[in-house]
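2 protein chains.
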Amino acid sequence: MLFSHNEYTNRLQRTKERMEEAGVDVLLLTNPSNINYLSGYDGWTFYVDQMLLVFSDEKQPVWVGRLMDAKAAKLTTWLDDDNIIPYGDKYIHSSVRHPMEFVGDVLTQFGYGTKRIGLEMESYYFSALCYEKLRNRLPDATFLDASLLVNWVRLIKSDLEIEYMKTAGKIVEKGMTSAIDAIQSGARQCDAAGSIYQSLISGTKEFGGDYPAIVPLIPTGEGTSTPHLTWTDRSFKHGEMTIIEIAGCYNRYHSPLARTVSLGKPDPRMEYVSNVVVEGINAALDIVKPGIYVEEIEAAWRNVISRHGIEKESRIGYAMGLSYPPDWGEHTVSIREGDKTVLQPNMTFHMIPGIWLDDSGVELSESFRVTNEGCEVLADFPRELVVKEDGYIDPWNQYA
Amino acid sequence: MLFSHNEYTNRLQRTKERMEEAGVDVLLLTNPSNINYLSGYDGWTFYVDQMLLVFSDEKQPVWVGRLMDAKAAKLTTWLDDDNIIPYGDKYIHSSVRHPMEFVGDVLTQFGYGTKRIGLEMESYYFSALCYEKLRNRLPDATFLDASLLVNWVRLIKSDLEIEYMKTAGKIVEKGMTSAIDAIQSGARQCDAAGSIYQSLISGTKEFGGDYPAIVPLIPTGEGTSTPHLTWTDRSFKHGEMTIIEIAGCYNRYHSPLARTVSLGKPDPRMEYVSNVVVEGINAALDIVKPGIYVEEIEAAWRNVISRHGIEKESRIGYAMGLSYPPDWGEHTVSIREGDKTVLQPNMTFHMIPGIWLDDSGVELSESFRVTNEGCEVLADFPRELVVKEDGYIDPWNQYA
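Chains A and B, in that order, give the protein sequences. Okay, so the first sequence: first residue is 1 according to the UniProt record's numbering, each after it adds one. Okay, so the second sequence: first residue is 1 according to the UniProt record's numbering, each after it adds one.
Because the hints were derived from the structure by calculation, they are not lab data. Mixed in with the good hints, there may be bad ones.
Said to hold, decoys possible - Result set (DSS-like, lysine-lysine): computed pairs, CA atoms no more than 25 angstroms apart in a straight line:
| hint | chain 1 | residue 1 | chain 2 | residue 2 |
| --- | --- | --- | --- | --- |
| 1 | A | Lys388 | A | Lys170 |
| 2 | A | Lys74 | A | Lys16 |
| 3 | B | Lys265 | B | Lys237 |
| 4 | B | Lys59 | B | Lys74 |
| 5 | A | Lys312 | B | Lys90 |
| 6 | B | Lys340 | A | Lys90 |
| 7 | B | Lys312 | B | Lys340 |
| 8 | A | Lys340 | B | Lys90 |
| 9 | B | Lys312 | A | Lys74 |
| 10 | B | Lys74 | B | Lys16 |
| 11 | B | Lys312 | A | Lys90 |
| 12 | B | Lys170 | B | Lys388 |
| 13 | B | Lys289 | B | Lys170 |
| 14 | A | Lys115 | A | Lys59 |
| 15 | A | Lys74 | B | Lys237 |
| 16 | B | Lys205 | B | Lys170 |
| 17 | B | Lys237 | A | Lys205 |
| 18 | B | Lys388 | B | Lys237 |
| 19 | A | Lys312 | A | Lys340 |
| 20 | A | Lys170 | A | Lys205 |
| 21 | B | Lys205 | A | Lys237 |
| 22 | A | Lys237 | B | Lys74 |
| 23 | B | Lys74 | A | Lys312 |
As the list claims (entries may be wrong) - Which bits of chain A does chain B cover? Going by a derived footprint, with three or more residues having C-beta under 8 angstroms, they are:
| hint | region |
| --- | --- |
| 24 | 45 to 53 |
| 25 | 118 to 126 |
| 26 | 177 to 190 |
| 27 | 211 to 223 |
| 28 | 226 to 232 |
| 29 | 303 to 317 |
| 30 | 321 to 327 |
Ideal Cβ placement from N, Cα and C applies to all residues, glycine included.
Using the sequences provided together with the hints, build the complete structure.
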């Protein structure tokens, strides 16, 4: 197990307290991060229906999933074997049966078929059809939306969680170094992506990497005017910019980091924007400390950029930590105007105030934790636009 | 664009025909594979709400998504800019607004707010909450489940799609070779995973790799008794088996492949099981041809294994091709008893009849397309248990 039995039962206790506040008798978790957080479960099995059932009056949660994956639950969770309840393959991608019928029957067997059932209505892995099938199976139950209940429990990290995130920070330093090395005029984007992956997954000598919840995002050229493009097998070009947004991941805990590379002398406008972004990040990190509102971080950033005539429509960051694809954000706190969350030590965020203009963009980011007096960034990497005066020779052409 | 304008409009036409059959006036697509299939859209943006709206009486679909991602739609789709309709960041992870309210208003503007609306009720990226919010916004609409409508349109591939999948087959041959090279006693699992990633993403000299919809699955030792474990930073051990399930991916088209490696002489029981699996796959591939039922493939397999005293509870394969995380399966056809789909040329499947026993397991698989007379596997890789008599020296210890 990656955490002590005590840490898991403590998490479970805090979850049950929130369930009681929300009037939830049983909580049905499908978000793989929440399942992992409470049980330790880890496997690429969330593409079929699976759940962790947290009963208000049972000591352990119950894992429900596909038969072939039950052994994964036995190997990776702290649950007793009796609390691992598999369904047969006949439920998979069937037009006549649905796994939620099975789940409904399990709830009935545990005496919860007519109780108040908390659902993650906004989870990637609880579809609209799951909701309909479950309601049909349990017509006398009361359903409540408990989408972010466990996400909020996860907001403040334990010391060991912070340690994992700092390790992820070491891994992302290595990944970013590989990225900057690999991005050269004439090099294929896919080769750079391959190199980034090898760094992030292999990890450091002491700590192996895990798969990040988002693939490397490396938009280049005009593609930098939007943040979420991946790569092609075309080549990087001299005179163009490339954004790199990646994360180190260790035991499913993330440390994201973004930088921007210019191959050759950057456009003066984008150099100016980069400097403003760095100044804005510095100002925003400077005011972070326990007791302030999250929105104050964004205000400090906005104060800097508006002085330089730059506007930004979107939020500049979000809470993050433990995660599975497709997102490493926790979907709770956003660093933006109106977010009145009060900062506390060991909250962790990714601050990524990207600026995307019509035909080009810049991203620099920092992941940080709130400390007792201020904050601490998770990765140590120069906070600046990377300018490479490259003289790359295409090895394929060279030896062809 | 990766396909001709003609191919996209042809796909759209076939989709509209099925919409008419199903009585759907407008189809709301959230499955990223279906969005890509009809529009060309490609980006890691499906972790926020986005949709492709297919109107029965409009020439082009409409993309709706986050403002910062609108440029990605302009760069990757064949749609006119007017058909790209972004919503603001205030809708993201908000407790007071929801993107489906915006989508509802777009439908009303197009005159479809009271029509028959087809939903992908079983998509990963259309949550139960999306469904509720949309119903509340459009109380006079009629909602229909159209979950797999486009998935079924995708079942038979075009010649260019087959070409992409064969290219993915070349990439997975390279990835599997790297995997087998990297899996050695004393080597860390994460280093093998890093090496596999580099091969799959870098691709071949001619064709760069794309990210597969599932990460490399490399359960080892007792972990081979379940299929969907990833990796740790512990080392492979002499005398243990490791399963490798990976896919090459090219332009989002997949070619999955599984093999099993034994480090040192295999347990005779598992060697026996491997031989039976190979014999079963051979028998199953042998009977594939247009005109037969899909379930006949499974029957041919089962006939072989039952003769050897082996049973398998789960399906042995599924339709696949174009995909995004978290699954490369198409969720339409399953190779199992009862599936009466009639095979036709250019249907494509991953046949993966894994056998997982109490403490160990074996997987070998083949991806194949149905041809005019029979079938053709997409990757050329020896179909056998890989036995390595390894003499690996840990480089960290060697140079420490």
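Lys74 (chain B) and Lys16 (chain B) were given as a pair; does the straight-line alpha-carbon distance stay at or below 25 angstroms? Holds, because 23 angstroms separates the two Cα atoms, which is no more than 25 angstroms.
Between the region 118 to 126 of chain A and chain B, are there enough contacts, at least three residues with CB-CB distance under 8 angstroms, for the coverage claim to hold? Since 7 is at least three, the answer is holds.
Given the hinted pair Lys74 (chain A) and Lys16 (chain A), is their alpha-carbon gap at most 25 angstroms? holds (23 angstroms)
With a cut-off of 25 angstroms on the C-alpha distance, tell me whether Lys237 (chain A) and Lys74 (chain B) pass. Satisfied, since the Cα-Cα distance of roughly 21 angstroms is no more than 25 angstroms.
Does Lys312 (chain B) pair with Lys90 (chain A) here, judged by a C-alpha cut-off of 25 angstroms? holds (12 angstroms)
Straight-line Cα separation of Lys289 (chain B) and Lys170 (chain B) no greater than 25 angstroms? Roughly 23 angstroms separates the two Cα atoms, so the pair holds.
Regarding the pair Lys170 (chain B) and Lys388 (chain B), is the alpha-carbon distance no greater than 25 angstroms? holds (23 angstroms)
25 angstroms Cα cutoff - pair Lys312 (chain B), Lys74 (chain A): Holds, at about 20 angstroms.
Against chain B, does the region 211 to 223 of chain A show at least 3 residues with beta-carbon separation below 8 angstroms? Answer holds; 6 residues pass the 8 angstroms Cβ test.
Does Lys90 (chain A) sit within 25 angstroms of Lys340 (chain B), going by the straight-line distance between their CA atoms? Measuring from Cα to Cα gives roughly 15 angstroms; hence the hint holds.
Taking 25 angstroms as the top limit, are the C-alpha atoms of Lys205 (chain B) and Lys170 (chain B) close enough? holds (11 angstroms)
Lys340 (chain A) and Lys90 (chain B): Cα distance at most 25 angstroms? holds (15 angstroms)
When held up to the earlier numbered hints, the structure conflicts with none and fits them all.
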